[in-house]
Amino acid sequence: MALPMPPGLTHAEVAFLAEMEMVTIVPRQRLESIDLLSGQTPPLRPPHRAQLPLWLALLLKKQRRANIVPPPWLHPASLSEIIHRETKENPQTFSPPPPPPAHANPHDPGHARRLADADADTILSPPFQPSCTASAPAGYLPYHWLEVAEALLAHAGDDMAAPAGEVRSLLRDLVEVRAAKMRSSTSVLGGAENGLMELTGVGAIELAESRGFVLGVVDGVRKIGASAEAARREDEEQGSGIHDDGGSDDDMGI
Amino acid sequence: MDIDDILREVDPTFHAIPQEKRDLQDLTRAWVAERCAPELLQWPANDLFERVNENIKRQIEKVEEMTGDMDPKTNFVLIVLQTELERFKYLVRSYLRARIAKIDRHTLHYLSTDDLRSRLSEMELAYATRHQALLHNHYLASFLSSFPPALQNLNDTAGNVTMIDAPDLDSAVFVRLLRDTAVEARDVDVDSSTGGQENAIYILRWSDAKPLVDAGSAELV
Numbered sequence: 001m002a003l004p005m006p007p008g009l010t011h012a013e014v015a016f017l018a019e020m021e022m023v024t025i026v027p028r029q030r031l032e033s034i035d036l037l038s039g040q041t042p043p044l045r046p047p048h049r050a051q052l053p054l055w056l057a058l059l060l061k062k063q064r065r066a067n068i069v070p071p072p073w074l075h076p077a078s079l080s081e082i083i084h085r086e087t088k089e090n091p092q093t094f095s096p097p098p099p100p101p102a103h104a105n106p107h108d109p110g111h112a113r114r115l116a117d118a119d120a121d122t123i124l125s126p127p128f129q130p131s132c133t134a135s136a137p138a139g140y141l142p143y144h145w146l147e148v149a150e151a152l153l154a155h156a157g158d159d160m161a162a163p164a165g166e167v168r169s170l171l172r173d174l175v176e177v178r179a180a181k182m183r184s185s186t187s188v189l190g191g192a193e194n195g196l197m198e199l200t201g202v203g204a205i206e207l208a209e210s211r212g213f214v215l216g217v218v219d220g221v222r223k224i225g226a227s228a229e230a231a232r233r234e235d236e237e238q239g240s241g242i243h244d245d246g247g248s249d250d251d252m253g254i
Numbered sequence: 001m002d003i004d005d006i007l008r009e010v011d012p013t014f015h016a017i018p019q020e021k022r023d024l025q026d027l028t029r030a031w032v033a034e035r036c037a038p039e040l041l042q043w044p045a046n047d048l049f050e051r052v053n054e055n056i057k058r059q060i061e062k063v064e065e066m067t068g069d070m071d072p073k074t075n076f077v078l079i080v081l082q083t084e085l086e087r088f089k090y091l092v093r094s095y096l097r098a099r100i101a102k103i104d105r106h107t108l109h110y111l112s113t114d115d116l117r118s119r120l121s122e123m124e125l126a127y128a129t130r131h132q133a134l135l136h137n138h139y140l141a142s143f144l145s146s147f148p149p150a151l152q153n154l155n156d157t158a159g160n161v162t163m164i165d166a167p168d169l170d171s172a173v174f175v176r177l178l179r180d181t182a183v184e185a186r187d188v189d190v191d192s193s194t195g196g197q198e199n200a201i202y203i204l205r206w207s208d209a210k211p212l213v214d215a216g217s218a219e220l221v
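Taken in order, these protein sequences are the chains called A and B. Position one of the first sequence corresponds to residue 1 (the working numbering), numbered consecutively onward. Position one of the second sequence corresponds to residue 1 (the working numbering), numbered consecutively onward.
These are computed hints drawn from the structure, not numbers from a lab. Certain hints may be false.
[To be verified] Rough simulated footprint, nothing fancy, chain A against chain B, three-plus residues with beta-carbon under 8 Å: (1) 82-90; (2) 186-196; (3) 199-211.
Cβ atoms here follow ideal geometry from the backbone N, Cα and C, with glycine treated the same way.
Input sequences plus hints: build the corresponding full structure.
Here it is as structure tokens:
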């Protein structure tokens with residue numbers, strides 16, 4: 001009954017999450033709105049585009065009821081740009097995640113305003129941000145980029161803007177570039193000057209792949225240094241105590 | 001429909017997230033967090049699971065009603081409904097199973113203080129108490145009863161060595177910041193504090209990440 005798995009999402013679970021990403025489709029048949037648990041789907045009227053979760057879009061695609069519009073970042077030009085940025089401009093870090101969706105603000109013309117501001121109590125995060133739809137920005141990889149790209153290539157290869165082979169080979173380059181970064185990022189773990197290791201821009205599947213290794217290294221380093229850390233904390237506590245005494249001396253001098 | 005509703009429909013800034021989507025986001029976030037965190041997390045307080053379970057039950061009834069008519073058009077709708085239903089049920093089941101796994105591993109720890117007990121739902125608390133009682137009775141019947149009475153407890157803390165196993169709260173986790181916030185991290189050589197940007201992903205100790213996650217400024221990934 002209990003889940004016999006170690007902490008951290010498995011690949012299958014990440015793929016499950018990625019199937020909740022919203023994508024844009026062009027329906028080929030009419031379909032009335034369906035009352036789903038996650039809200040009503042928009043009524044489908046060809047040739048008007050609609051946004052649906054990936055799992056539903058793939059189902060419609062398999063039954064030839066719709067075509068999927070690939071997200072702009074999956075275009076070869078955008079992929080090459082990202083590869084260029086990852087290899088030449090920023091050979092150390094991952095390229096940044098897409099900026100949060102914004103809208104024009106009618107109360108303050110000329111200024112954009114964050115979508116999430118309307119609703120501060122629930123902040124949407126991937127896979128619920130519209131980062132794989134046709135209106136997503138090009139040149140940014142969303143959190144579930146590899147899973148969505150693979151699913152689209154496997155099931156909707158004919159809807160791609162470019163031959164699927166070209167997209168596939170670009171994706172493979174990107175995977176290799178980023179996997180090398182993930183590996184080298186662990187080399188700073190041991191001698192990091194500040195205790196904070198940042199991996200902004202990393203993808204879900206890349207995290208799942210190296211989670212065991214990276215967290216194992218971090219925990220291992222912590223356990224080896226546990227006594228040194230305890231000693232340092234004790235020193236600091238005493239140090240701050242002495243410092244306080246100095247402060248009170250000054251006060252008395254005044 | 002009055003004028004306010006019409007205005008709201010055309011207002012580009014009005015993007016309230018519907019309740020259903022909010023629930024799915026909360027459920028997904030709770031599931032991911034429970035799968036990644038080293039210790040049991042707080043049972044969601046806002047009746048999330050009562051609501052989700054109620055919705056699932058209603059949807060099952062609807063599917064049962066619809067299976068009656070054999071019109072090919074409703075047939076496809078039925079497939080979609082059932083697919084989504086299975087996805088929801090998987091999320092709920094996996095979440096509950098991940099929690100039970102943690103409760104099973106450190107039962108006495110989660111029953112030891114009121115603060116920890118309050119993290120469990122009513123059903124989980126009943127399960128944990130009963131399971132622990134059965135286990136202890138079984139141990140007593142099979143071997144503990146032949147020990148001296150002073151050694152028959154399972155939660156002895158004498159001599160600064162506690163028998164109650166607790167999860168390692170300093171294990172490292174991945175977090176993503178949901179809004180700009182200061183991040184404080186302890187490490188072996190030096191402690192650090194950074195102004196973290198929204199969407200940044202960090203590796204932190206769970207004990208450092210927990211305040212951020214509890215405040216809703218970060219989520220586990």
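Now for the hints, and whether the structure bears them out:
1. With a threshold of 8 Å between beta carbons, the proposed coverage of the region 82-90 of chain B by chain A holds, since 6 of its residues qualify and at least three are required.
2. Given a C-beta distance limit of less than 8 Å, the hint that chain A covers the region 186-196 of chain B holds, as 8 residues qualify and 3 suffice.
3. Using a Cβ-Cβ cut-off of 8 Å, 7 residues of the region 199-211 of chain B lie near chain A, which meets the minimum of three, so the contact claim holds.
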